[in-house]
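Novice: These are the residues of each chain, in order.
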Amino acid sequence: KNQVEQSPQSLIILEGKNCTLQCNYTVSPFSNLRWYKQDTGRGPVSLTIMTFSENTKSNGRYTATLDADTKQSSLHITASQLSDSASYICVRGAGTASKLTFGTGTRLQVTL
Amino acid sequence: DSGVTQTPKHLITATGQRVTLRCSPRSGDLSVYWYQQSLDQGLQFLIHYYNGEERAKGNILERFSAQQFPDLHSELNLSSLELGDSALYFCASSVGGTNEKLFFGSGTQLSVL
Chain A
1 KNQVEQSPQS LIILEGKNCT LQCNYTVSPF SNLRWYKQDT GRGPVSLTIM TFSENTKSNG
61 RYTATLDADT KQSSLHITAS QLSDSASYIC VRGAGTASKL TFGTGTRLQV TL
Chain B
113 DSGVTQTPKH LITATGQRVT LRCSPRSGDL SVYWYQQSLD QGLQFLIHYY NGEERAKGNI
173 LERFSAQQFP DLHSELNLSS LELGDSALYF CASSVGGTNE KLFFGSGTQL SVL
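Just so you know, the protein sequences line up as chains A and B, in that order.
According to the working numbering, the first sequence holds residues 1 to 112 in order.
According to the working numbering, the second sequence holds residues 113 to 225 in order.
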């Protein structure tokens, strides 16, 4: 069982709509929770990094939330654009980047 | 553009062969990480170098090795290649430290035929 589970696996939404992606992590210890955006054939790009003391962090139209008690995080995308079509990867961190555990991602497709 | 350069972008080779993947980190970044991404799998950590020294190893096969040179670029060497080694290989760089932000290259797509 993956220690970082994301849902849904894939999602199709209309341009301009909002969506929320979910992430559950089961691994301890924990020092940070990250969200990355990965376009097809490209490397992941950091969206947010939250430490255990942070509940929410925004980056433009992307807002991540974290509940360290329930080990859940979400990524909310507001007013989606076609360029938001990508995989969104939730990552749990425990120290340096050698201890990152990556989820398998949610594949988002934004359509007209 | 992340500032991290990986070459080549694509590599097609045969089983049993050896290849070298190259990574140039962002200017000023001392840490280089190598990851493997297989189809529909999460990124798997392979190895970490900091300022020329190996700092951590993940699930890296004995057939794989890496090094970081004095100019901070890094190379990942994959030998005795098998079909299952086909994957995207990413390097990422950072300044180092806990909660460090990683900057990923565009990856090398390796196809072993």
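Don't read these hints as lab results, they were simulated from the structure.
As the structure is a computational prediction, the values presented were derived from the model and not from experiment.
Cβ atoms here follow ideal geometry from the backbone N, Cα and C, with glycine treated the same way.
There's no promise every hint is true.
What the hints assert, rightly or not - Here are a few chain B residues that face chain A, going by a calculated C-beta distance under 10 Å: (1) 119; (2) 121; (3) 136; (4) 138; (5) 140; (6) 143; (7) 163; (8) 165; (9) 167; (10) 203; (11) 206; (12) 211; (13) 215.
As the list claims (entries may be wrong) - Label pairs and their in silico Cβ distance ranges: (14) A/39 to B/213: 16 to 26 Å; (15) A/10 to B/189: 34 to 44 Å; (16) A/109 to B/122: 38 to 48 Å; (17) B/168 to A/20: 26 to 36 Å; (18) B/163 to A/31: 17 to 27 Å; (19) A/18 to B/195: 35 to 45 Å; (20) B/174 to A/51: 19 to 29 Å; (21) B/225 to A/15: 31 to 41 Å; (22) A/3 to B/139: 29 to 39 Å; (23) A/31 to B/121: 39 to 49 Å; (24) A/11 to B/209: 31 to 41 Å; (25) B/225 to A/56: 43 to 53 Å.
Novice: Each hint needs a verdict: does it hold in this structure or not?
Specialist: Comparing the hints with the structure gives:
{"no.": "1", "hint": "119", "verdict": "violated, 13 Å"}
{"no.": "2", "hint": "121", "verdict": "holds, 9 Å"}
{"no.": "3", "hint": "136", "verdict": "violated, 13 Å"}
{"no.": "4", "hint": "138", "verdict": "violated, 12 Å"}
{"no.": "5", "hint": "140", "verdict": "violated, 16 Å"}
{"no.": "6", "hint": "143", "verdict": "holds, 7 Å"}
{"no.": "7", "hint": "163", "verdict": "violated, 14 Å"}
{"no.": "8", "hint": "165", "verdict": "violated, 13 Å"}
{"no.": "9", "hint": "167", "verdict": "holds, 7 Å"}
{"no.": "10", "hint": "203", "verdict": "holds, 9 Å"}
{"no.": "11", "hint": "206", "verdict": "holds, 6 Å"}
{"no.": "12", "hint": "211", "verdict": "holds, 5 Å"}
{"no.": "13", "hint": "215", "verdict": "holds, 8 Å"}
{"no.": "14", "hint": "A/39 to B/213: 16 to 26 Å", "verdict": "holds, 18 Å"}
{"no.": "15", "hint": "A/10 to B/189: 34 to 44 Å", "verdict": "holds, 35 Å"}
{"no.": "16", "hint": "A/109 to B/122: 38 to 48 Å", "verdict": "violated, 25 Å"}
{"no.": "17", "hint": "B/168 to A/20: 26 to 36 Å", "verdict": "holds, 34 Å"}
{"no.": "18", "hint": "B/163 to A/31: 17 to 27 Å", "verdict": "holds, 22 Å"}
{"no.": "19", "hint": "A/18 to B/195: 35 to 45 Å", "verdict": "holds, 42 Å"}
{"no.": "20", "hint": "B/174 to A/51: 19 to 29 Å", "verdict": "violated, 36 Å"}
{"no.": "21", "hint": "B/225 to A/15: 31 to 41 Å", "verdict": "holds, 40 Å"}
{"no.": "22", "hint": "A/3 to B/139: 29 to 39 Å", "verdict": "holds, 34 Å"}
{"no.": "23", "hint": "A/31 to B/121: 39 to 49 Å", "verdict": "violated, 33 Å"}
{"no.": "24", "hint": "A/11 to B/209: 31 to 41 Å", "verdict": "holds, 34 Å"}
{"no.": "25", "hint": "B/225 to A/56: 43 to 53 Å", "verdict": "holds, 47 Å"}
Consistency with the previously given hints fails for numbers 1, 3, 4, 5, 7, 8, 16, 20, 23, ordered from lowest to highest.
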